[in-house]
Structures are given as C-alpha cells and as structure tokens.
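Dock chains B and C against chain A, hints included.
Next come the chains, spelled out residue by residue.
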Amino acid sequence: MLTLPCPFCGQRDETEFLNTGPTKPARPSSDVTDSEWINWLTVPVNPVGYVEEKWWHVKGCGKYFTIKRHTVTHQIKMPDEDSA
Amino acid sequence: MSRFSAFSLAWNALSHHQKWTRYWQNPPLAKKYDVLIIGAGGHGLACAYYLAKNHGISSVAVLEKGWLGGGNIARNTVTIRSNYLRDESIPFFVKSVSLFEGLAKELNFNLMYSKRSMIDVIQTYPKMREIRRRMMNGYLHGSSYTPIDVGELRRRVPALTGGGPDSRLPIIGAMVHEEAAVCRHDGVAWGYARSASARGVEIHQQTEVKSLLRDKDGQIKGVETNRGTVLADKVAVVVSGHTTTITETAGLSLPVKSFNLAAFVSEPVKPLIDVIVNCPDLGVYLNQSDKGELVIGGAPDAGQSFRRDMKQSVFEDAVVTMLELFPAFRRLKLLRQWGGVLDIAHDASPIISATDISGLFVSCGWWGGFKAVPAGGYTLAHLIATGQPHQAAAPFTLDRFHHLDFIVESGTTTAR
Amino acid sequence: MTHNPFRQKTGGRIDRNSCVEFEFNGKRYSGYKGDTLASALLANGVFLNARSFKYHRPRGIMGASVEEPSCLVELLGADAGGNHAATTVQLRQGLKAKSVNCWPSPNFDLMSINQLFTRLLPAGFYYKTFMWPNWHLFEPSIRRAAGLAAAPGDQIPYQHFETRYWHGDVLVVGAGSSGLLAALIASRSGARVMIVDDHPHPGGCLRSSQSKIDGRPVIEWAEAVCAELDANPEVTRLQDATAWGYREDNLLMVTERSPAETHVFQRGWKARAGRVILATGAIERNLVFANNDLPGVMLASAVQIYYHEFGVIPGRQAMIFTNNSSAYSLAHDLQAAGKMIAGIIDSRSFEEIGAEKDGLEIPLYAANQLKAAHGGKHLRAVSIRAADGSIKRVDCDLLAVSGGWNPAVHLFSQARGTLAYDDALASFVPDKAMQRLACVGAAAGKMNLALAMANTLSTVTTCLSEDNFKPPAFSLPSCTTSPDYHLQPLWHVDGMKPGDKAFVDIQNDVTLDDIGLAMREGFDTVEHVKRYTTAGMGIDQGKIGNINVIGNIAMACNKRPDEIGTTTFRSPFTPVDFGSIAGQRNGATVLPFRHTPITQWNKDQGAVMYEAGARWQRPGYFPIVGGNMQDAINAEAEAVRYAVGVYDGSPLGKFDISGRDAAAFIDLLYTNDFADLEIGMGRYGIMLSDDGMILDDGVTFKLAENHYLMSTSTGFADVVFRHMEYLLQIECESWQVWITPVTSQWCNATICGPKARDVLEALGVSIDIGNDAFPFMAMREAIVAGTPARICRVSFTGEVSFEINVWPRHAEAMWRRIMEIGAPFGIVPVGSETSHVLRVEKGFLSLGHEVDETADPYDLGMDWIMSRTKTHAIGRRSVDIRRSSGKPRRELVGLIPKTGGELVPEGAPVTPNGDRAASEGFVSACVWSVVNKQIIALGLLTNGRARIGETISIRDRERVIEAVVTKPCFYDPKGKRLRG
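Chains as they are written, first to last, in this note's numbering: chain A, 1 to 84; chain B, 1 to 416; chain C, 1 to 980.
The set of hints was computed from the structure by calculation and includes no laboratory data.
Hints should not be assumed to be uniformly reliable.
[As the list claims (entries may be wrong)] Stretch-level coverage of chain C by chain A, calculated; a stretch enters the list once three of its residues show a Cβ under 8 Å from a Cβ in chain A:
#: 1; segment: 243–257
#: 2; segment: 655–663
[Claimed, not checked] No farther apart than 25 Å at their CA atoms in a straight line, the calculated lysine-lysine pairs in the DSS-like style are these:
#: 3; chain 1: A; residue 1: 24; chain 2: A; residue 2: 68
#: 4; chain 1: C; residue 1: 432; chain 2: A; residue 2: 77
#: 5; chain 1: C; residue 1: 559; chain 2: B; residue 2: 19
Here a beta-carbon is modelled for each residue, glycine too, at the ideal position from N, C-alpha and C.
Okay, chain A solo, but in the shape it has when bound (with noise of 0.2 Å):
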C-alpha cells in the first residue's frame, strides 16, 4: 500500500483514497467526429512508465487531485515533475 501526497492533508495511506483513472484529454466540443469521441471515451493511455491519475481524497477531505504514478515502480511524483 501507498502513501500518497494529499495537497490538502498531506501524505496519507493509499485507503483512504479512490484511484479515478488516468487524466483524460479535455472533453472535446460537440463538433468533434463520433471517432474522436469514441477515441476520447474508450481509449486510455495505458503506459508502462508514468502514469498521470485522478485520485480522490474520498475518506479525507474530499479534494480530487492529479499524481503521476510508475506504472511498475509505483514511485510517485507531482504532475508538473520531469517523468523521464
């Protein structure tokens, strides 16, 4: 299990929070094709390396917040760090 950077409380174990899922590209406007909206609904990035997620504070303080996360190493590190 886990600890992760909570913004609002700080480092907390990986239970009292939700994983989301991957960030997803910004939703796309209504005159996108139904192929770029399907791409965007059903294709995730899927990286072996860093991942960047939503991870919900969900038995904390409620913040939804992003992490980059390695997929196999599960270090972590803050969205805007180098993922190299």
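Just chains B and C, lined up with the frame of chain A:
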C-alpha cells in the same frame, strides 16, 4: 511426440526415465513464417495449436519474451465456468467449457480436469435476482444452473459455517453451476505447446518482440525482436496485460487498461471443499487444489499497473470476507500470494479481433481468461486463418466500440 | 521424572526445574519449559516423526527453526491447527500433536507402500497417466493422499486476533547481533524504533555458538542491549514475531505470536517505517547426496542449536559433511563436550581448509565427499568417497550437513530489490534496493561476526545521517575473531546414479533425478523446473533447498547460477494465520450497516429487514397475522391505493447544491432542461454516464436561485457524488458550485394514498396543503406536528404523497406521531416489496430492474427527457452514437403473463416463439397488482413499442409462459391521482 500412458510411464521407469524426450522442440529462429503469435501463454499456444490442427497452417512461430506459460496462465485461480449473463457471452464460454472437457484426451496430457461445480453463495436479494437471470439465460445456451437452499448448501460445503441468520449478511440461497471445473493451469500451456510443437509449430522462448513492422501500405510485415527481424503477413498479439505495449509500436491504441489481479493460497490441508465456492456479495471465491491448498481470489487492484503485486488492502478485504463465511479459517495459514497483470477493456468484455492494421490481430481484455483459453485460441485461429470472426466470438470484435455497443456483464467482477 | 535419553546432563537454556508433559502421536513424553516440540522429541529419542509427502519415506527433524522442511505436525485440542514445523512449536503443558501425512504412525505408515513404486512416480508423472478412462476416477484418492494436515474446524475455541499500527523512523527485522546493534544505534540517535524477531529470544544464530561480543557471550550481550532498548519508550521490541510481508512505501506486515496481553492470541502489526534495516541473517543450506533425507541427517547449525539452546545432542556418533568452514564450529563444540565425532567430510581440498580445523582431534576427510547415507528408518552409516574414488563406510547415527549459507533475502526481494550472485558465497545477495532499506550483517552476505558488526555500524550510521538523525559516537564492540568464511560450491556429490534418492526439496520429495527429467523434457528455466517438479512450493518454500535447484540447473546447462536466476520470493516469509491478517474485522466491522432512526421501530414491529443496496438495512415487508408474505404485501399495497400508507424514505440520496454555477451544473448533469424550473418546485431528471448509460434518476428541487436539493436513488448515491465531484473538481474547475451530501441530515416519512392529505392535516401543518396552494412537484417549508419540516410532493407510488423531511433527531418521534394520528385513517407502514409493486403498476423505473446497464431513456419511452436544445449534457453524445447504428433496441413494455396466478421470475428471458435460443428481451419486474387483480410485469423487448398487443413467449428453463405486450403502465396512466 512420445505418447503418454500408464504403460509408457512403466516402460520408461525401467530406464529410470532417462529416455523421455522434449515436450517441445527448440529449432533455430527462421526469417519468415506464415503466422507469428506474440506471447506463449494459454491463448497464444492454443491459437497456434488450432491453426495447425484445424486450418493446416503450421508455419507458425510463437514468440515469447520470457518462458512459455509464464504469464497469467501461470498465476490464475483455475476456475472454468460458463455462467455468464448475456446472450453474446454465454455461447462462447459454453464452447470453451466443452473444448476443455475433451482436452486432456485430445492433447494426450493429463490436465487433471476436475468438473466439480461452482456454488454461488447468495446473500442479498438483488444478487439472487441477477443470478436467477443468469440461470434462465444460461439455459437457453446450454449452461446449467440449479438453485439449492441453504440447508443443501451447508450439506455440500460443511466448512461453510458462517452467514447464519444472525450474521451481518445471512445466506439466503445458493446456485449450483454444475459444469464448472478446475484444472492444472500450467498443464494447459504445456499440453498445447507439446501438441502444437508436434504439428510443426515453433515456440521461441526468450524472444522478445520490440516492435511491430509495417510495410509502406501500412500492412503488417513482421516484428523486430531481440534476436532480429522475423517476417510474417499475419501477426497476432496475445500478451495479456501488455497488449498496448506491443500495439503502440505500430501506433495502434486500444480501449484497454492494465491492472494487477492477485490471488493467494493457504497451506495444504486434507480435502475440505470439493466445489468452487463463489461469494459474489462479498467479493471472494475459493477452491481447493488437488494438492490441498485453498486457492482464493478477490477483486483487481484499483489503478493501472504493470506490476505483479499484492495490494495489502485488497488482499485483506478478501481475507476478512472469506472469514465471514468460513470463520474457522482464522487458524488456517496463508502460504503464498501473487499477482498477475491483465488488461481490461472499456466494457470489461474480451476482444478477439482484427485491427485497423491489416494483418494484425489482437486477443486481449481477458479478465478471467483462463476459462476461455480453448475457445479463445480456437476462435482466434479461425479469425487468422479465414479472415472472418468465428460465430462464437463474433460479438467480441473491436467493431462493437465503433457504435459503443458494449457487452456489459454486470456484476461479474467477483465471479471472475 | 523426565526421561530424556539424548539430553545432556547440563547445559542448554531450558528450565530444568519445570517439567512439561506432552503427547505426540498418542504417546506421552516429557520435556522442559523452554523446549520446542522438536527439541523435546529429539531429547526423547523420537527421531522418526514424519513421513514424506509423495513417497512416504521416513523422515526426522532436519532444522531448528523456520527452515524446517521435514517434520510438520498437526496440533490438536485447544491449539488445533495444521502443518506447523515442530521446530517452531513452543512446548507447553498438555500439548498434543501428531504427525501429518501418515497413518497410523510414522513408524508404521500404510502409505509407505508408495516407496515400492517410486520408479513410477517421477516428477510430473501425473501428467502422463490417469487419463483413461477419466481423471475423475483417480482424483478423490489422490486428493485424500495429498494435503498434509486436516483443516482447523469448529472445535477451535474463539481466539482473539487484533491489529495494531506502528509508524516510526527505523524498523529493524531480526534481533541477532547485527539487528540488535542496528536498533541500539538507531535508538541512541533519538529515532523511534521497532525491532522484530521471529525467535522467542534475541541473539540470533550466534546464541548457539562460542562467539563473544564485548568479551561476553553473545546471549549476555544481547540481553544487555535489549534491556537498554526496553528502557527506551520510543522502542518497540517484539520477539516471536515474524515480519512476513514487505509492501510498498516501507509497510511491513508483522505477526506477533505471543503478545504480552494474554487475551490476545495473535496480533498483526502494520508497521510503516521511514527506514527499514534488514538484519534477517542467513539460512543454512542442504547438500545433495543419496538418502539425504534419512532421520538422523540434520543441518549442522540445527545440531548446534539443539546442543546450546536445549542441551540435546540427537545422536551417539556424529559425522559432519560440509563444503564450507562454518560447520567446524559444531565439531569444536562437540569435541569440547567430549562427544564422539566420527569425522568431518569436507569436499574442499586440505589446502582450502583454513584455521577452522585447528585444534580438532578427529578424522578429517578433506577433498572427500559423502556418497550416500545408509539406514532403514534411521541413519546407521555413511559411505565416503575419496578423491581417488575409493569408498569407505563409517558408522554413525547423526549426520550434520552444511552446504553453506544463504543470506535471507526474502524481504529484500519482496521489496523489489534486485539480487546479485556472489561467487565467494555461491549465493544470491542483495544488490540494488528499491525502497528505503538497507541490509546488514549476514543478510548482506557478511558471514563473519566481526565483519557483520562493522558492516552494520557503518551502514546504519550512514542511513541515520541520510534520514537527518545524528548518530552518537559509537565504537564497535570487540568481537571474537572467527576463521574467514570459505566455501566451495557443491551442487550435488559426484557419482550419482539414476534412481538415487538425493533430494533437492525434502518437503515435496523432489530429487535430483526429477530435475534431470524436467530438463530432459524441455523444462529448462528455473520457473519451469519449479512448476514441473514442484520444487520449492512446499510450506517451507524451499528455504534450504532452492539454491541447489538453481545450482543444479546451472550445472546441467553449463551456465552460471545468476544466468538461471531465482524464482520470485513471495510473501509470506513463513505461513501466517488468516486471523492475524483480518484482526478484529468481522461482521458489521467488515460491512458496516447504514440504517435510519426508524430501524428499531421496524424491528419492533417484526418487519423482515434486509440489505437494500449501498448497505442500507430496510424493511422488506411487515408480516401480518395469519397471512403469508404475499398477503402482507397485498395489504400494504391496498392501504396505499385505497387509504393511506407511510414509508421511510430516508435512505434516498440527497445533495444540497449551491453556488453561482449551480443551475448550469444541474443542466450539465441531467439530460432534460432545468433552466425554467421555478423556485419551490422540483423536476424529475435522468443523468447518464459518459458511456450514455443511465446512471441515476431522481427529483431535484429548486430551493432558491442557484440553490438546489437533489435526490438520488439509494444504491447509487455514492456513485453520483463521486461523479459530481469529479466533474466539478476536474472538468469544471472554475465553476462555483458546492455540494453537500445531506442524505443523513434529512430523514423522511412519506405519507401516500388517497387519505394522505387528511393524515397530514390531522398531524397539524402550518401551511395550506390544498392542491392549488401546494401542487404536485412542489416543496414547502412548514411546521408539521410542531416540528420544522420540508414537505415535498413527489410520488413514487402513483398516489398523492407528502414526503415529510425532518432532522434525524426528530425522525422517530415524527414517525410515531404519524402512525398514531394516521391510525384512524387506516395507515400502515410500507416496505420495499410493496413500493416495488406500486411502482410497477405505474410503470416507474427502477435501477437494477429496467435499467440494467443497457437501456437508454429512449428505450424506456422517455424521449421527452432528452432535451432537444441541450446536447452538451453528460452522456448525450454517446446515446446518439449508439442509436445511430440502427441496431434494434429493446424497449420498455408492459406484459400480462398468462400464468394462472404464479409470478414470473424477474429476469426471465423472452425468446422468439419460446425457443431455446438467444433472447429478444426479458422480464424486468413481475408483481401481483392489487388494483388490476392480476399478475402484471414490465420488460424490455426488442422493438417492443411496435409490438403492443402481440403475444410473446417468456422462457423459464423448460417452462414457456405466454404474455401479452401492453403499454408499460397499468394504473392511472394520465397520473390524475398523484396530482390530485
């Protein structure tokens, strides 16, 4: 291929088993094949076998990064069943179960296939309604499900002493899926590999595909590996968990995410439970292996992962919920735990499909894919050989995403 | 009087004044307080105490600790539990144990007949046979033969397990000399320290040696260090506690088996440390030669432990076989004790053997190997092969074996650290750590006390400095110098013949032949060999033997062991009780109930309560005297239709939504328009997921400009909350909207039925509740029966309804008042079953019934709810795309089944002509309608709306039920009653 039997075993015993030969051959890697299969797991090896057997295509190389049968077929909870909810899914899994039933004799390899029923322990009325629905839908396609009362459940699973009338979630009924089975998972990979090899399929271990190669028209033409370039007009990606890692080398994204799913076993104990017990309301299931270990599984971890892992909180939830129904297991011991990486599609149903890249096929989205190995391989081979999806797998192509026509097997999470 | 023929007259750390009686395999024995079951059995001369898993060969005790592969026992009575290594069972008065896997006894085991067929049972034999006629015929007997001990059953008395958390700076695993030194330095630096050790006493393996630290025997030094640690309130020291799992971010799972609090049977610790120091020591390995499993063959370190710790020497004539220097200390011990030693067989050349041989006056067979051990049920002799091939037979009844030492890298490896192969140690040692941890001492490959201590001091000092502690000046304690550890790999002895029983895995009966067979058949990676032969998959997880598997594969392929690699080290390090993982979590602490203030009242009425989604406990129905469930439901439903009923609607999700952009947010969520909603009015809405599936439905009231109260279904309230917060915090960051979940802040009693208004009037209400002043879908604040309330005129029953929302502290009083005032009007409480009947009569939707993750609002006949102007609502685009494919849709219809009085099971498929074929729809709900006096149903049917009047076929397995398709509303289709 030397034939296996009690007689051949006894005959070889005379020479202290010095004369047994390799299960699969180890030929040099050629430059070109008709078909390349990436991934020597259950689905990949089964596909290779059926390509050779059903379609007469034996210029097939199975390329494996690590060791044959070392992916999820080496780390699942061996449950075989067909009690799905939707018309799209049930026939496929019924086919898989029926292929499984004859497989040991077909492959001349004892898979220790043990048809032993799965019993769903039902603790809420919504779940009862859903499982009854599965029962009636399954009947339409030849998948059986029989309701039993709590008394009969306790007679058939005496170790199940929890879930009484005063417990947090009293058991209200149970449902028996008779054709459910378990079998020796590694054996499935080895058995397919042995028979495929005997039919001329080549299996190349420690052969890692680095990228897919396409010709100027975009058509697939082969792969780049750590052992050089290998050419083929047809390439199938059958690498549960790592599908996108391979397809993205050709610029192909897929509607799947990779997750870790863990399982664990207890110490081996004398025969205690002779069915598969599934507790969908609690999210845990278990069976007892022939060696005596209880094999226990729960839900996948939240969050994408390519790491074979054991998330303590998920594991702990599986343990506490198991103890709700089997309180005496407090004194049973955890022996070993492990994880496996699988990819789950956007609608959580499998994908057996051609792709936008001509000549490139994928079989992925397997979550609970062990039970699907024979039918998955069978139908993928059909697709590769004929270019048309096999009828049983037709709903599982990528086309369904083009119309957001999802196959939603609701409530199956824990049953897998 | 204790008769322990193999106990020395003096020595050992047992309490010779406390005799302990115990029973093993039905016979009574005695030992001393401080013994383990293993040491007591050896002291009593019970050497044959197990049978092997597959061949049922006679087996004895080989080890002295967790590495024990051989002697597994089942504890009986109050301790009941299977598969304990006898070496880890503390002896106590009245202990009862028996051998696993043999019957009737290890001495006379009927299954030992298997030994006659060993030739037929090589690795993987079962893959090659038992196929005809069918595996099913063989399986039951194979299963009975496997499985070791019986599972614990209900005879076990309740034992209390608990969980505790620890957060600190430094967690030291292992209280041997290195671990204690590490803890001492860390604690003196002011760090919060935990030190855990899986033995009952501190000191590690050097407790059983002549080594000295600070001029004192190790055990005395260890006790002094522990005394200092125990005096420090920032130090937690656990003995008889195993760190068995190493998770992410330095979280270690520890099971404490003998907590000080006697009411606690075991305590599971979840320890999160800033830094972990692994001082886990090393584990001695076995050597591979014929009959290396005979009772009397033991690890050299184990013999030393039995001698020093328990005063037991389990033999009269000892022989030592080694490939390294460490076993010589045993020879010195035995010689000093004046015991007979038949000699030392050392595979190394005389020149390679260093100072360790100095002072020994026993035969030294240098550059010799042990060819085989001999004996039936116990070791009688060994044959020794000299370098020139000549064989010499020497009698002995104890063979102490040492194949060298493996650093215990299990936890390091669980923490994802990489391993490197050390040629000098012929073993895998920690390489690159992947978490904030360090290995010290023997765990780091330092196999000599002075080296280990120096390594510990420097490593721990560096770690503490990195972690911003100031380690005090600390001078290294003086240590006895011992000869340098030296080893020459010996993966198996020379001159082995096919058929020799030379075990690489004692517990799973895996021989060197099996490895050879596996490799011949193409299983040439370590994972393949493991899986094909089952080597290393026993309860001991191959602690003493796996390295020999790797070494032998390497030898056979002419590769280095690190090219072969190890199998994965998996948690747990040693088996751990599930109870200690679960701790106190059981029952309602696993799945907490949600309940309303009316729960107790419901129970007092004898309501049938059950879980009704999202862990809410709700009344299903209220049984009536002299009637069955259907009668009770009918009575409740009739009351609502013809008089008045009341139900507790508190579990419905409720959210208070306010802020500048609240209106826009509501518009984003729901598919229909809310812009023209007036203050004080509510509107039914459907929200979709991005996939275009119905997520939830409910009524939202406008309380004021930019202030709404949203209600949701009970089961999906949490999901809706997550959905809304996600949108607000991620996608609409600049919007000003605040959401407060108020589900538990507003409880409601919903009075419904033609006499609902009369009841409310009788209760006393401060506002005009006439239909003009208070129309359908309006909300009013009022004083009801003297209590402030919000009254909503919504209806899920099709009748006039007043939802009286009050604060929770008033809910029960309000409820009782309603029942009292309503009594003359015939009011009855209504459960979920009746609510279901009422909504089916009206054709109202239910999530989980009609809405089964496939239907969209058009399918449900709700085209009107899909706003024409508002295409940006969540999920709208997906619905449009899905429908554009032109694939026929399943549409909501009513069904009148021709069953003759029996309900159709909900979920039953509709099939073309009733054939046994893919379905064309299903029955989503079926009830007895009290107003129509017949069975009615709702269902989803392909192109259903065009098929009204048609007769379709429902298929419940063998049974076909015809039904007439109708519109999906069976009562008051114009809704006059609910608006009345």
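Checklist entry - Do three or more residues from the segment 655–663 of chain C put their C-beta atoms closer than 8 Å to C-beta atoms of chain A? => result Violated: only 0 residues of the segment 655–663 of chain C have a Cβ under 8 Å from chain A.
Next on the checklist: Hint check: residue 432 of chain C vs residue 77 of chain A, CA-CA at most 25 Å. Holds or violated?
Outcome noted: 21 Å, holds
Next on the checklist: Would the hint linking residue 559 of chain C and residue 19 of chain B be met if the CA-CA limit is 25 Å?
Outcome noted: 24 Å, holds
Next on the checklist: How does the segment 243–257 of chain C fare against chain A when you require at least three residues with a CB closer than 8 Å, holds or violated?
Outcome noted: holds (count 4)
Checklist entry - Taken at face value, is the distance from the CA of residue 68 of chain A to the CA of residue 24 of chain A at most 25 Å? => result 13 Å, holds
Of the numbered hints given earlier, the model fails hint 2 alone.
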